[in-house]
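So the sequences go chain by chain: A and B. Numbering follows the working numbering, in which position 181 of the first sequence is assigned residue number 181; successive positions increment by one, without gaps. Numbering follows the working numbering, in which position 91 of the second sequence is assigned residue number 91; successive positions increment by one, without gaps.
Read the hints as simulated data drawn from the structure, not as lab findings. For each residue, glycine too, the CB sits at the ideal point set by N, CA and C. Hints should not be assumed to be uniformly reliable.
Computed spacing ranges between beta-carbons, pair by pair [unchecked claim]:
no.	chain 1	residue 1	chain 2	residue 2	range
1	B	E253	A	P141	51 to 59 angstroms
2	B	F3	A	S333	19 to 27 angstroms
3	A	L86	B	G228	50 to 58 angstroms
Listed below are the residues making up each chain.
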Amino acid sequence: MSEKMTRKDFLSSLAFGGATLALFPWLSACSGERQRETAGEKARLGIIGTGSRGQFHLVNLLQDPAAQVVALCDDFPPHLDAASALCPSAKRYADYRKLLEDKEVDGVVICTPLSMHAQMTIDALAAGKHTFCEKAMAHTPEQLSAMYRAWKEGNRVLMVGQQRLYDPKYVQAMELVHNGAIGQVVGIRNYWYRNNDWRREVPAPEYERRINWRLYDEYSRGLMTELACHQLQNGSWAMGGVQPSFVTGTGSIQYWKDGREVFDNVAAIYQYPNGVHMTFESIISNKHFGMGEQILGSEGTIDLVRGVMYSETPRPRSGIRQLLDQIGQGILSNAAFAGTSWATEEASKDAGVRFAENVTVNDGASSVGASGDGSVELIHAFCLAVISGVQPAGIVEEAYWSTLLALLGDRATRLATRVDIPGEIVW
Amino acid sequence: MEFIYSTRNPSVPTAYSRLDAMHTSCEILLPFLPEDEARALVDAVWERVREADRRYNRFLAGSVLAEVNRKAAGEAVPVDEELFLVLQLCETFRKATSGYFDVTAGSRVPDRAVLLDASAYTVRFSRPGMRLDLGGFAKGFVLEQAVRMVSGRAESALLSFGGSSVAAVGRHPLDAPWPVAVAHSYYADRTAHTFQLEGEALSVSGKDPHGRGHIIDPATGNTLEKEGLVAVTGPSAMVTEVLSTALWVAPAERRGDILAAFDGYRASEVRCLTDGRALTLTL
Chain A
1 MSEKMTRKDF LSSLAFGGAT LALFPWLSAC SGERQRETAG EKARLGIIGT
51 GSRGQFHLVN LLQDPAAQVV ALCDDFPPHL DAASALCPSA KRYADYRKLL
101 EDKEVDGVVI CTPLSMHAQM TIDALAAGKH TFCEKAMAHT PEQLSAMYRA
151 WKEGNRVLMV GQQRLYDPKY VQAMELVHNG AIGQVVGIRN YWYRNNDWRR
201 EVPAPEYERR INWRLYDEYS RGLMTELACH QLQNGSWAMG GVQPSFVTGT
251 GSIQYWKDGR EVFDNVAAIY QYPNGVHMTF ESIISNKHFG MGEQILGSEG
301 TIDLVRGVMY SETPRPRSGI RQLLDQIGQG ILSNAAFAGT SWATEEASKD
351 AGVRFAENVT VNDGASSVGA SGDGSVELIH AFCLAVISGV QPAGIVEEAY
401 WSTLLALLGD RATRLATRVD IPGEIVW
Chain B
1 MEFIYSTRNP SVPTAYSRLD AMHTSCEILL PFLPEDEARA LVDAVWERVR
51 EADRRYNRFL AGSVLAEVNR KAAGEAVPVD EELFLVLQLC ETFRKATSGY
101 FDVTAGSRVP DRAVLLDASA YTVRFSRPGM RLDLGGFAKG FVLEQAVRMV
151 SGRAESALLS FGGSSVAAVG RHPLDAPWPV AVAHSYYADR TAHTFQLEGE
201 ALSVSGKDPH GRGHIIDPAT GNTLEKEGLV AVTGPSAMVT EVLSTALWVA
251 PAERRGDILA AFDGYRASEV RCLTDGRALT LTL
């Protein structure tokens with residue numbers, strides 16, 4: 001498929017275009033049209049929860065011309081002080097409900113422990129604030145439904161911190177999948193390995209649960225909500241929005257026996273209606289393989305983390321040899337062999353084809369955020385949505401499903417049993 | 001070396017041969033010739049390619065080019081007539097492309113020059129640390145020689161040196177131009193752009209997403225990391241080789257002027273997109 005274009009067309013077409021927006025409708029929040037509509041305006045934002053992730057967003061927002069951080073909120077003074085030092089002009093709150101009463105705040109960014117997401121989001125939407133909530137959306141399926149309902153029945157923007165939604169290499173990878181570049185999707189593999197105790201330093205023992213909330217059931221669902229939640233989106237995207245029928249799995253605390261309540265290793269298998277499986281495995285006492293996400297197809301494999309596609313049948317290295325067969329059959333057909341030259345010593349290896357430029361390979365080691373992972377684009381899209389008041393299409397549904405899959409995967413691993421997954425959003 | 005003679009289509013008996021040389025795979029397709037003639041012609045062409053590979057491979061300790069690179073910073077090195085001609089051509093092309101084609105690009109030495117003495121047939125480097133890399137140019141130079149060898153004895157042929165340097169002699173045996181396609185980087189069953197070659201050459205330079213970038217920016221001495229392909233067609237395989245390299249290295253605003261200095265050559269930029277499209281921009 002080839003098109004003759006002018007230079008202007010050529011350059012502009014390299015940005016996300018119509019076909020991409022059809023597959024990933026939430027990207028419209030960053031479209032050129034939306035950028036022009038909102039040019040020169042600023043979203044007045046309050047950040048609720050100013051720990052490491054809150055400060056990560058704060059730093060990005062301070063550099064975003066579409067953002068003005070006007071309020072900060074945390075009930076843990078050291079975190080609030082650290083954020084205030086970054087943004088001294090912002091008002092300080094210890095109670096998020098007071099911040100929600102602030103008329104100068106158009107939107108809020110919620111970066112609190114998972115168990116607080118639902119109530120804070122519901123309260124923020126009810127207060128008329130556009131809301132960005134960190135992932136996962138909720139601590140329980142019931143909370144998840146309540147959040148979805150609050151958004152659906154209201155008229156404010158809701159976005160969730162699933163940064164892969166705005167990571168160009170994931171977008172490009174899914175274009176390849178849906179255009180048939182790897183044939184039929186036959187499997188999805190996700191894994192996330194680290195070798196650390198996942199703990200943060202606490203100033204005094206009474207702060208243990210507050211700081212290390214990820215390790216305790218009452219605040220978190222551990223590896224499934226904190227890590228799997230990101231990677232399980234890959235399945236939804238690769239399968240064209242179809243969700244798995246059920247999940248089974250297991251997990252345990254086998255290495256970090258330090259009083260934590262969440263597993264330090266889990267393995268979950270999701271099965272789709274057509275029989276395809278998606279796996280998620282995480283171990284945090286070995287980091288050799290780091291983070292991996294692969295879409296397996298009948299004709300190729302996409303390594304999402306590295307932005308590389310491998311063919312099951314790499315293109316023949318001998319170029320014009322194919323013409324010999326065509327002439328033998330009396331066929332006049334073009335032979336696709338021209339391109340940059342290649343080295344003979346690579347003959348037996350498929351080096352793969354890189355599909356994204358300037359790929360930042362994230363090893364998954366950071367618990368806060370990594371550069372080039374879509375976080376900056378995501379929070380910028382939220383700013384534009386706050387200014388325009390336009391909800392990016394599909395994004396809440398994406399977050400709903402990734403959270404539900406994580407929560408039901410957590411249930412399956414805890415019970416070591418099969419858990420059915422409803423086929424539709426429940427609210 | 002591989003040699004196949006196919007008579008599957010009795011009206012178009014065709015010879016195919018492949019030789020791994022010049023850091024890539026060189027291939028030739030020869031329709032219509034009787035097998036013994038085709039084999040003799042292929043042998044002669046491959047002998048020339050092997051000889052050039054020995055001469056212009058800078059990594060081969062005994063090559064004439066390695067000898068020049070080792071000595072020419074300290075003394076004027078006598079060279080044979082062919083190498084002197086090659087260096088003269090390279091210098092001419094360097095000037096004609098405003099320096100964007102430069103066989104000393106990898107030297108990372110400022111204010112460098114290759115000093116040629118036509119009265120003594122010697123070459124000398126103006127600065128220590130310089131080196132010549134004739135890899136790309138030699139492919140085009142030898143391909144053009146191969147085309148001449150074939151043209152005298154066959155009415156139709158297709159030659160490819162690694163897919164980046166292609167030359168067509170005459171027309172396809174089914175009486176049409178030779179259709180030569182640039183493969184789409186992401187979709188095995190698609191092509192990005194098809195060139196129709198009839199008695200002309202095609203050269204493709206750049207960096208595709210396979211990560212095989214190897215062209216050096218003469219201004220910095222560093223490998224250029226930008227992506228995209230530049231394809232040039234025209235009568236001379238040597239000139240298309242030079243132009244595709246220079247046009248890919250040059251910034252967009254300089255390409256028009258460079259191309260305008262070469263009559264009879266057409267250039268385009270090809271870029272493959274993950275959504276399946278391929279964009280071709282005529283330069």
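These are the hints, each one checked on the structure:
no.: 1; hint: B:E253 - A:P141: 51 to 59 angstroms; verdict: holds (58 angstroms)
no.: 2; hint: B:F3 - A:S333: 19 to 27 angstroms; verdict: holds (24 angstroms)
no.: 3; hint: A:L86 - B:G228: 50 to 58 angstroms; verdict: violated (40 angstroms)
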